[in-house]
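*Asks:* Sequences are here, hints too, so could you generate the full structure?
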Amino acid sequence: MLPATAVSLAVLAVLLAWPVPALLARARWPRRDPLVALVCWQSIGLAGGLSMIGALLVHGLSPWGHSLPEAVRSVLTLHPAADRVRGDHWVALTLAGVLAAELLGVLVLSWVRTGRTRRRHRELLELVVQPSAELPDTRLLEHPAPVAFCIPGARPLLVLSSGMVAELDGDQLAAVVAHERAHLREHHHLLLLPFVAWEAALPVLPAAARAHAGVRELVEMRADDVALASLSGTAPRRTLARAIVAAAGGAGGVEVPSGALAVTGSATGARVVRLLEPPRHLPAAARWAALLSAGLLLLLPTALLLLPAL
Amino acid sequence: MATLGELERAVMERLWAAEGPVAATTLRGELAERGVALTTVHTVLSRLEHKGFVVHDEGRPRRFRPRATRADHAAELMHEVLGQAGDRQAVLARFVGSVNADEARLLRELLSGADDTPGD
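Chains W and S, in that order, are what the protein sequence lines are.
Going by our numbering, the residue at position 144 of the first sequence is 144; the numbering climbs one at a time, nothing skipped.
Going by our numbering, the residue at position 14 of the second sequence is 324; the numbering climbs one at a time, nothing skipped.
What the hints contain is simulated information worked out from the structure, not anything from laboratory work.
Even for Gly, the Cβ is constructed at its ideal location relative to N, Cα and C.
Zero decoy hints are in this set.
Partial list, computed: chain S residues near chain W (C-beta under 8 Å):
id, residue
1, GLU318
2, PHE363
3, GLU386
4, LEU387
5, GLU390
6, VAL391
7, LEU392
8, VAL401
9, ALA403
10, VAL406
11, GLY407
12, GLU413
13, LEU420
Just so you have them, the derived chain S footprint on chain W, three or more residues with Cβ under 8 Å:
id, region
14, 124-133
15, 147-155
16, 235-245
*Replies:* Following this line, the structure appears as structure tokens:
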């Protein structure tokens, strides 16, 4: 018979692999509080991986003991298995090993690969960008297309193109810079990394792509919120919305294959709508309920793995 | 005292502006107002070579030239940094991703609609 712990973990893994991410991706409340939604996504990702690998591990090791700590102890002390070890136990153990290695391997690989590309981009840029006179941490790139971006990392680089400077007024530029600074200060690239890796590791799982897109959109909305808080002026929301539309309107200069457009396009539209017609703030009770669920979601597989068998 | 990054930019500017390959001593002469030693010029040049931006010939003394013209460098930059390949999204955070013409028009309509209504 399968241990109850393994069954519970497997049920949790299935829920977190499909229905839960699908629900959160479709929900309307995340745009009312992107930060809380980002915490929920991190919790879903971590708990999902933990329960998937945990279920296989608990089942595979069940002949050695009915809880993970018990089984690991008897394996380490070279005790023989109490029950007969069947083929499905070996299959589960192998799958657990492969899955753990793949998830961690892909995470490390994307970390190394994006790090290398970022360094290359920084080297290419550093030869041609000029420090900005008005904005101390900002560099100017001579290019007609209105673009702004930052390269995160140990030595972050925040770049505005001359086309962007020409297109926007002072308040709008301040809004753009505040948005990019928010990405850097809150290390949004680290929030995205597990989802980039997760999508690469599990391309057959539609939830992985959906989760990645959801987190990417939320990170942009969060940066918009942080930027708004730091902006002066009469109508910061409209200022930021104008900056987004101006940057989107003149995105020429770089040829873009049409396939990649639908996703980014609708996300940009959602940002502008959200700025022009701000949704109500999430009530404090709902906020705390979401955070509490995120915490419990992480606690559940951890407890199932570490506590003695049910 | 200029930082290495600034010196790299200054040396590349000279190399791009030059008619042909340039020797390190010439570069030091051109950077005289910065008070740069010849060893520093060599350090900067070897860093630039290591990054793949500069190549040297086998003459004595060695003369250096940029691997790509300024225009090619700019083109490569825009292609690599702002290209739309999927992994680019992970590398940098762009203020607004690329948007097609229809989407851009839609966004402008959205904005002008909001401008007609008073208040924020």
